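In order, the protein sequences belong to chains A and B. Just so we're aligned: 164 in this note's numbering is position 164 of the first sequence, and the numbers increase by one with no gaps anywhere. Just so we're aligned: 1309 in this note's numbering is position 309 of the second sequence, and the numbers increase by one with no gaps anywhere.
If you are wondering where the hints come from, they were derived from the structure by calculation, not from laboratory data. These figures come from a predicted structure and were not determined experimentally. Ideal Cβ positions, reconstructed from N, Cα and C, are used throughout, including at glycine. Wrong hints could be hidden among the right ones.
What the hints assert, rightly or not - Pairs of lysine-lysine, DSSO-like flavour, derived with a Cα cap of 27 Å:
id	chain 1	residue 1	chain 2	residue 2
1	A	K240	B	K1402
2	A	K191	B	K1402
3	B	K1147	B	K1214
4	B	K1299	B	K1282
5	B	K1361	A	K191
Claimed, not checked - Where chain B lies over chain A, by a calculated footprint (3+ residues, C-beta under 8 Å):
id	segment
6	60-70
7	74-85
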Amino acid sequence: MPSLPTSIDETASLLAKADYVAGRDLSTVLFLALRMGRPLFLEGEAGVGKTEIAKVLSATLGRPLIRLQCYEGLDIASAVYEWNTMAQMVEIRLAEATGDIDRASLGSDLFSERFLIARPILEAVRPQVGGAPILLIDELDRTDEAFEAYLLEVLSDFQVTIPEFGTIKAGEPPIVIITSNRTREIHDALKRRCLYHWVDYPSAGNELEILRRKVPHVPEKLSREIVAFVQALRGEDLFKAPGVAETLDWATALTELDAVALDPALVSDTLGVLLKYQDDIARLSGSEAKRIIDNVRAGVDAAT
Amino acid sequence: MPPPDDLQPGRLADNIAYFARCLREVGMPIGPASVLDAIRAVEAAGLGAREDFYWTLHCVFVTRHEQSLLFRQAFDLFWRKRALTEKLIAMMSPVAASLKEKDKPKAGSQRVNDAFYKEPPRQREEERLVEFDAKLTMSEREVLKDKDFAQMTSAEIAAAQREMARLRLPFDQVRTRRLVAGGDTVIDLRRTLRASMRSGGNLIDIACRRPGQKHPPIVALCDISGSMADYSRLFLHFLHAISEKGRRVHAFVFATRLTDITRALRARDPDEALERAARDVKDWDGGTRISHCLERFNKDWSRRVLGQGALVLLITDGLERQVDTVLARELDRLHRSCRRLIWLNPLLRFDAFEARAAGIKAMLPHVDEFRTIHNLRSMGDLVKALDRSADAAADPRAWLRKAG
Chain A
1 MPSLPTSIDE
11 TASLLAKADY
21 VAGRDLSTVL
31 FLALRMGRPL
41 FLEGEAGVGK
51 TEIAKVLSAT
61 LGRPLIRLQC
71 YEGLDIASAV
81 YEWNTMAQMV
91 EIRLAEATGD
101 IDRASLGSDL
111 FSERFLIARP
121 ILEAVRPQVG
131 GAPILLIDEL
141 DRTDEAFEAY
151 LLEVLSDFQV
161 TIPEFGTIKA
171 GEPPIVIITS
181 NRTREIHDAL
191 KRRCLYHWVD
201 YPSAGNELEI
211 LRRKVPHVPE
221 KLSREIVAFV
231 QALRGEDLFK
241 APGVAETLDW
251 ATALTELDAV
261 ALDPALVSDT
271 LGVLLKYQDD
281 IARLSGSEAK
291 RIIDNVRAGV
301 DAAT
Chain B
1001 MPPPDDLQPG
1011 RLADNIAYFA
1021 RCLREVGMPI
1031 GPASVLDAIR
1041 AVEAAGLGAR
1051 EDFYWTLHCV
1061 FVTRHEQSLL
1071 FRQAFDLFWR
1081 KRALTEKLIA
1091 MMSPVAASLK
1101 EKDKPKAGSQ
1111 RVNDAFYKEP
1121 PRQREEERLV
1131 EFDAKLTMSE
1141 REVLKDKDFA
1151 QMTSAEIAAA
1161 QREMARLRLP
1171 FDQVRTRRLV
1181 AGGDTVIDLR
1191 RTLRASMRSG
1201 GNLIDIACRR
1211 PGQKHPPIVA
1221 LCDISGSMAD
1231 YSRLFLHFLH
1241 AISEKGRRVH
1251 AFVFATRLTD
1261 ITRALRARDP
1271 DEALERAARD
1281 VKDWDGGTRI
1291 SHCLERFNKD
1301 WSRRVLGQGA
1311 LVLLITDGLE
1321 RQVDTVLARE
1331 LDRLHRSCRR
1341 LIWLNPLLRF
1351 DAFEARAAGI
1361 KAMLPHVDEF
1371 RTIHNLRSMG
1381 DLVKALDRSA
1391 DAAADPRAWL
1401 RKAG
């Protein structure tokens, strides 16, 4: 198992090794989160690569990744632990059948580790074979405030309390990455336990680098045009600006169509890959797309 | 950051603490624990490039994206020159602080009357009237209920505010996806088993779970342009009163631009809450740009605050000068992204009101309910209506039919 990075530079090269193109800001907070053993709270628009960070960490550090995908109605039974009630009932029936019902021992038997089903959070605080795992709590903003409050104990003490069983404390705290798309505000009490970072859209240079690494077969000139176009789109007043994931999808789509350069008709036909709101697509179709393409082309030509 | 040779041992921790105080001064909520964290973080990261130092402090002190800009400015100013740092420290020393406090009276002591009503000479007389109003008789309270907000005296407004605080919110609730104990929807095996253990393992009662209930958030968009001036302040009191009662309320005000005042309204004291809101808002009594403000709300906020089945209260007279397709389109989008859209319009108080203005005509087809809100009685009606599904009398189509 590779050891944790010991400096910001090492963290940066760790990310680069896994083809994750990150700014100095992200390397710094990531290093601090690892060094200080604090959860990392990543906020940002959808598709900027927040979840990817956890995956990259898991791959480069050789740790298991435990993912808790949050949704409305997520409760302790699906996030933390559950009792295997069916097995418990069978146990009771067996005890009845053999006739030796000792209430005290049956009680302690029934609520033992044998009948405990671990869900992601309990899994993450239990000792793991490959060292402390990466716990990804994805899209925390989708759960309700009650669940957020529950997490406070987990995140500050890395322990889970089960009433019938006792408290289970992590020997080595998991590396926790929390992401949020900001569909609602997360309470300050939770943020205070974490290191906070806003993951922004990448700069043009970084985005070009991402494109080169992730979709290597796109012609260089087209890559430049794609990145310049997407960057220009982010400056427009849209409902949802395209994320990095959309840029990669679009680049793949354009190469599938054997495109070598952007032209208005091609852009109009494939806008659905980049933009996910009808209003945005309607605005960009036709002359608006042509205007941006002309600007982009002028910029790319000037640069090369 | 000061250059390393400038740095005496121990000074860095002090400087970070002063920096935290500086950030607190500009309004970022930073507790002592964060200061300790910051020092530990700097120790962990080591003293390297200025940029690393910046991001180290950033990830500890900044907890929301909006604070980044403020942090950048404070950082650039604070960690530039030593002389300047010391000047700043001196500025924040206890002596300077107490001097500053003297010329800035506390929010609670400065009543909203002083801040908002422009006739200071009558004030003393009004204060006496307020005391008298505290003992309103039943019939006086009835009169107050029907009095138009626009015609109220300051004393009556004060009494109206107290009435508002007394409003009982209905149990407008929506089902949650999370199950709670009770009912007979889903068998709760875990609780059943635990209960049965008390009797030695004999299964007796089947415990069940059912979907829980909770109040949906209320999102209020309140017009504070000149034509609404008589009403908007009382609406803000109304919003403050309902957010006090444990409801999740997101409040926005708009005239020529949209301002989020949710945080300001969280102050417990209504006077302080309104004063904070007034500080945030730059366009009181300005002109109206409803379509522009709705567009901004839809683009910047709707996904952040309308996610959980929110109820939207749109409080405006609908008198938009520039009516084009944008207004209808934006309202339509707003309507489609919330659970219920109620338009509160004080103009409706006139019996002869007809939906003739182009702005009103464009907006009406996209709301679920169209109500007046010009006095305490209509406010009470609204509160009662919040837990009913659409009211036939408030159906916007009725007004459109009248308008032809």
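> Which numbered conditions among the earlier hints are violated in the structure presented, ordered from lowest to highest?
Replying inline: 1, 2, 3, 5, 6
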